[in-house]
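Enquirer: Sequence:
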Amino acid sequence: MFSVSQYNGTIDENYQLVIKQLKALVEDEPDRIANLSNASALLNQFLEKINWVGFYLFDGKELVLGPFQGLPACVRIPYGKGVCGTAASNGKTMRVEDVNQFPGHIACDAASQSEIVVPIIKEGNLIGVLDIDSPIINRFTETDQHYLEIFVETLLPYI
Numbered sequence: 001m002f003s004v005s006q007y008n009g010t011i012d013e014n015y016q017l018v019i020k021q022l023k024a025l026v027e028d029e030p031d032r033i034a035n036l037s038n039a040s041a042l043l044n045q046f047l048e049k050i051n052w053v054g055f056y057l058f059d060g061k062e063l064v065l066g067p068f069q070g071l072p073a074c075v076r077i078p079y080g081k082g083v084c085g086t087a088a089s090n091g092k093t094m095r096v097e098d099v100n101q102f103p104g105h106i107a108c109d110a111a112s113q114s115e116i117v118v119p120i121i122k123e124g125n126l127i128g129v130l131d132i133d134s135p136i137i138n139r140f141t142e143t144d145q146h147y148l149e150i151f152v153e154t155l156l157p158y159i
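Everything in the sequence shown is counted per UniProt numbering, starting at 1 for the first residue and increasing by one.
Be aware that one or more of the hints could be misleading.
Stated by the list, open to error - Below are the SDA-like pairs computed for lysine to any residue, each with C-alpha atoms no more than 20 Å apart in a straight line: (1) Lys92 / Leu156; (2) Lys20 / Asn44; (3) Lys122 / Leu156; (4) Lys49 / Pro72; (5) Lys49 / Thr10.
Keep in mind the hints are simulated off the structure, nothing from the lab.
Keep in mind the model is a prediction, meaning the values are calculated, not measured.
Build the full structure now, drawing on both the sequences and the hints.
Expert: What follows is the structure, encoded as structure tokens:
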């Protein structure tokens, strides 16, 4: 059973703890959707000042909404479009300080002001993306990016 932890350490210590929690949640579960669901729930309770966190899964043509926490979202995102589609097509994390300044931003939630998207690539193949939105401009830091990339790497064997 999972119990909410108090994240009272440094940002590095807190991220290291949440990554340990992720591993404990997914290591004995073979179901991909269950693991993605718990991963999004874990990040939702850990991260402050966010309004959406979840996954879009690549079906070979476009990104399709997967497990998430937040308001209802766009169901399909074209490959190469918006922040999610761009991160998927270039295979690199995108940290957008102000989504209103991002050409072609897809506004699923008008409250979102900044966004980070981490591509999920397994054995050279795009699986999908981890997408996190915040109602605050410039919410995501290099430290967030570093640890969210480790979070995705930790999740990879279980999806």
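Enquirer: With reference to the structure, classify each hint as holding or not holding.
Expert: Against the structure, the hints come out as follows:
1. Our distance criterion of 20 Å between C-alpha atoms is met by lysine 92 and leucine 156, whose separation comes to about 16 Å.
2. Taken as a hint, the lysine 20 and asparagine 44 pair is honoured in the structure, with Cα atoms around 16 Å apart against an allowance of 20 Å.
3. Restraint check for lysine 122 and leucine 156: the C-alpha separation of about 7 Å stays at or below 20 Å, so the hint holds.
4. Restraint check for lysine 49 and proline 72: the C-alpha separation of about 18 Å stays at or below 20 Å, so the hint holds.
5. Restraint check for lysine 49 and threonine 10: satisfied, since their Cα atoms lie roughly 17 Å apart, inside the 20 Å limit.
Hint check: no violations occur; every hint is consistent with the structure.
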